[in-house]
Amino acid sequence: MAKEKKGVRLEHISKIYQDPKTKKEFYAVHDTTLEIEPGTFVTLLGPSGCGKTTTLRMIAGFESPDEGEIYLGEEPINELTPNKRDTAMVFQSYALLPHYNIFDNVAYGLKLRKMDKATIQEKVTNILKLVGLEGMESRMTNQLSGGQQQRVALARALVIEPGVLLFDEPLSNLDAKLRVTMRTEIRRIQQEAGITAIYVTHDQSEAMAISDKIIIMNKGVVAQMGTPQEIYYHPNSEFVADFIGEANFLKGTITAVDGTNGTADVYGNAVELHDIAGRNTGDECTLVLRPEAAVVADEGQLPCEVVLSTFMGSYQNYHVMVGDTLVKITDFNPKNKKIYEVGDKAFVKFETDSLHVI
Amino acid sequence: MAKNQSRELDRKKFFADPIMVTTIVVLIVFLTLFILYPLAILLVDSVLTGNGVSLEVFQRVLGMPSFRKAITNTLKVGFLVGILSALIGLLFAYVEEYVQLKTKVLEGLFRVISLLPVVSPPFVLSLSMIMLFGKAGIITRYLLHIYENNVYGFWGIAIVQTLTFFPVCYMMMKGLLKNIDPSLEEAARDMGASRLKVFNTVTLPLILPGLGNAFLVTFIESIADFANPMIIGGSYDTLATSIYLQITGAYDKQGASAMAVVLLMITLMMFIVQKYWLEAKSTATLTGKASRQRMLITDKSVTRPLTAFCLIVASFVVMMYICVPLGALFRTWGYDFHLTFKWFQLVFTRYKGFKAFRDSFLLSLISSPITALLSMIISYLVVKRSFRSKGFIEAVSMLAMAVPGTVLGVGYIRGFSAGVFRTGFLKSLYGTGALLVIVFIVRSLPTGTRSGISALRQIDKSIEESAYDMGADSFKVFMTVTLPLIKDSFLSGLVTAFVRSITAISAIILLVTPKFLLITVQINEFAEKGAYGIACAFATILIIITYGSVTLMNLFIKHFGTSRDIKEA
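If you read the protein sequences in the order shown, they are chains A and B. Using the numbering used here, the first residue of the first sequence is number 1, and each one after it goes up by one. Using the numbering used here, the first residue of the second sequence is number 1001, and each one after it goes up by one.
Keep in mind that the hints were calculated from the coordinates and are not lab data. On a predicted model such as this, the values are computed, not experimentally measured, just so you know. Treat the hints with care, since some could be wrong.
To be verified - Heads up, simulated DSS-like pairs for lysine-lysine below, C-alpha to C-alpha not over 30 angstroms straight-line:
id : chain 1 : residue 1 : chain 2 : residue 2
1  : B       : 1281      : A       : 111
2  : B       : 1461      : A       : 177
3  : A       : 111       : B       : 1487
4  : B       : 1281      : A       : 21
5  : B       : 1487      : A       : 23
6  : B       : 1476      : A       : 24
7  : A       : 219       : B       : 1013
8  : A       : 84        : B       : 1461
9  : A       : 21        : B       : 1461
10 : A       : 117       : B       : 1390
11 : A       : 21        : B       : 1390
12 : B       : 1461      : A       : 23
13 : B       : 1384      : A       : 84
14 : A       : 21        : B       : 1275
15 : A       : 23        : B       : 1013
16 : A       : 114       : B       : 1135
17 : B       : 1476      : A       : 114
18 : B       : 1487      : A       : 84
19 : B       : 1275      : A       : 24
20 : A       : 114       : B       : 1012
21 : B       : 1487      : A       : 24
22 : B       : 1012      : A       : 21
23 : B       : 1476      : A       : 111
24 : A       : 23        : B       : 1281
25 : A       : 21        : B       : 1013
26 : B       : 1275      : A       : 84
27 : A       : 23        : B       : 1012
28 : A       : 114       : B       : 1013
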């Protein structure tokens, strides 16, 4: 239904803010270059203050970049005001117009585009059907639940058929269950509409569930961009590995390299490695091991001592010491497995492919 | 690090919005021409003499013993009135917020008191003070048989001003006390403090900056007040009346300019202290809302003296207001208490009452929608937009609050009687109704802007952003989103502007020409002549008009206001 899917390109974008207390200037976003493909769903993910919302607001036009140029499709849009940009935003607080009913809220953008009444009627009816609010045209916004208000906000943004749809933490005001339902809805509607979407959130599971691509931001710069799988299995830094999911970090030294494979020394134990092209013998490295990718066993790669063992129902939760590093292990379906108790000596066991070297 | 690209881009985006740019330019011209320029010309006038720049005029004016006396008089009255009003206001607020009020009568009285500053014409209390305690005063002459009581002078002004201004303090203190979390006081009680100790160690320190704020606001009001000292001051001149007499009596416009500068400097200093120091402090000490209802004091040894005091003060004020219509109905106040309509008849026959009401009514009716709209536009720009001249617009429209009417009046005389900068430009404006309308607007703008700003601060910024994002330009956003959302504030701004205009006197009395008859000017004239029957008849009708419009507004807001539904959301 969108007239034309548009990509978004940021070229060396920086935004400088002034700390209101210390009067010191700092980069909220620093030299960020991004390419967002038409029709994809991209999430900006990061801790608060990482610059994700600032980036989104620069794309919408509420903030102006201090360096660089933003392109919508092939058009540079730095000088355009928000009302002239082919973007539509879904706000964290929904920002529905409280003095209008649902129909008028959704029709607001269409009326501004001077469409005739019949077209507006048709478009609004269609879009309300898409978001599952048909028949509620004449309700006032304060008669709606949070989820329904969110749907109105989404309908209002979709109906003007923008080149890009922007989401600013749209689900953070909803309760946990509704959040899960709504994110599936948003994803379905985005795919049906075939529209480019940029989505800001600090919730990693939301980002994983909804996105074609995730952009992880930290302190104003892009830390990593990739599909959810790439980010999860191949984080390029400890920050990314730690931010997405849980991760154990083991320090080691490369002792042998053979093509893309090799061996590392971890607390005096030899550990086999894959995918280490470009590294040399003697290099320091960090091994990332996800808690669900390892088990505690009688034999394995790394000897350890159990310091915590808790039954959690679907898994046994272990904390074990490998050397002086604490390693968390979640051992799923523990019913018929041997359970290790605190003080037991054992081994951490994992597939070589489960180790990621950074 | 400072890269200027964002500033450059913001500037380009700003100029892409011609309606907003035009509005801002018009606003800046208006504020400069009708607020800054008249004040600037006063300063220029008082230092620019035939032989260059000198402080000659100031020396001459400050050399007059009468003027030096007026300065000390004004400060003395202002100080006393400020303290008394703040204390009585605090007491009223405390009784309302902390004490169990048993009687409906008292609750009703409190409501009337809170409404008075909105509807009351400025000199009503002076009138009734004279009628109650003057030479022919009912209380002094007939109850106490004192025949030569002199109400005129220091105490007359002080009492009347205190009774006029304390309701404002009461409303301010009420707002502060309401926001104190009761659990703070309960915690202190729980640890063993007596009620008095709690008040002294918890409540009072919390509201102290607010109390200082109330004191200064009243102080400014008092020294800027023209009407009361005019009627009840007698030979006790204050700055405002001295300036008026310097122009109308001594025809010394240059001297009056210098005097006006002195008065302006005093109020401006007070205003800056109040605005930038105390106001910030008084809100900073109170964070958050009361978590729940306060347990009201029922202890009779506390409630009885407090309620008795409030009851006496409140009934006294109400009695003074009742005096005015009575004064218009008695044949001769103080001598002949037969009821008569002759004063009302005289008002409408001999004293051109219809014309006075038409002129006052029309001019106020024209000025109030303009004021309301302007103040909403200014609040919108100040709260929701950022642009470079924003600070200027905000500062100047707030500055108008610190300018006494008399000062503005002299400024307009000096600034426009011979055209802008004596060039003849806009000279034709002088003496017209248009200039009076402009004075009304300037006098009411700060109150409207202040209420607009606080209304807009409560609206989530993203609501307007979303409309902007949907494709609306600034004008559309203002008309379709901002204005409907602050409809109540706009309406009350409309009525407040109307009431303020129709009861205004200080600036207008210097500028009005025989072409226009204004009610307030008439009241002042007849009260000065001692024709209290006529003055009271005029004042009664004025009170009816103002009270009527406020009631009408409240009804209207109750039935058609949208903001209530929105707040519930």
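(request) Determine which of the earlier numbered hints do not hold for this structure and return their numbers in increasing order. (result) Result: hints 1, 5, 6, 10, 16, 21, 26 break, sorted rising.
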